[in-house]
Amino acid sequence: QVQLVESGGGLVQAGGSLRLSCVASRRMFSSNNLGWYRQTPRNQRELVALITADGRTKYGDSVKGRFAVSGDDAKNAVHLQMNSVKLEDSGTYYCNMGLGVSIGRTWGQGTQVTVVS
Numbered sequence: 011q012v013q014l015v016e017s018g019g020g021l022v023q024a025g026g027s028l029r030l031s032c033v034a035s036r037r038m039f040s041s042n043n044l045g046w047y048r049q050t051p052r053n054q055r056e057l058v059a060l061i062t063a064d065g066r067t068k069y070g071d072s073v074k075g076r077f078a079v080s081g082d083d084a085k086n087a088v089h090l091q092m093n094s095v096k097l098e099d100s101g102t103y104y105c106n107m108g109l110g111v112s113i114g115r116t117w118g119q120g121t122q123v124t125v126v127s
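Each residue of the sequence shown is one higher than the one before, counting from 11 in my numbering.
The set of hints was computed from the structure by calculation and includes no laboratory data. Predicted model, so just to flag it, every value in this text is computed and none were measured. Zero decoy hints are in this set.
SDA-like mimics (lysine to any residue), calculated; alpha carbons at most 20 Å apart, straight line:
| id | residue 1 | residue 2 |
| --- | --- | --- |
| 1 | Lys96 | Ser72 |
| 2 | Lys74 | Gln91 |
| 3 | Lys85 | Asp64 |
| 4 | Lys68 | Arg29 |
| 5 | Lys85 | Ser17 |
| 6 | Lys96 | Arg52 |
| 7 | Lys85 | Gln119 |
| 8 | Lys74 | Asn93 |
| 9 | Lys68 | Asp83 |
| 10 | Lys68 | Ser40 |
| 11 | Lys85 | Ala34 |
Take the sequences, apply the hints, and build the full model.
Following this line, the structure appears as structure tokens:
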């Protein structure tokens with residue numbers, strides 16, 4: 011079974027930066043992607059950003075131009091650089107392993123991000 015371990019959450023001031031990391035114990039398939047999703051007030055998980063096995067990236071509309079996702083294939087890791095954070099970026103961020111550009115069933119435990127004014 012694949013495990014995803016997240017780190018890097020915490021408290022950050024609006025306008026500041028934060029970096030999240032997720033390490034996967036292994037990839038199930040060579041075409042697996044690694045990505046970040048966050049819980050919405052409606053209890054759904056919305057895409058923040060993901061990176062595919064061949065380096066393509068996909069971002070949620072609300073974070074484009076502010077967040078950057080990067081991968082480290084050697085470590086089966088994905089990083090999320092969060093810049094110019096806003097109050098509405100607060101929430102629980104979950105790492106996910108999917109296929110292609112799609113969401114998968116493998117989730118991390120979540121890491122909390124709190125943005126304060």
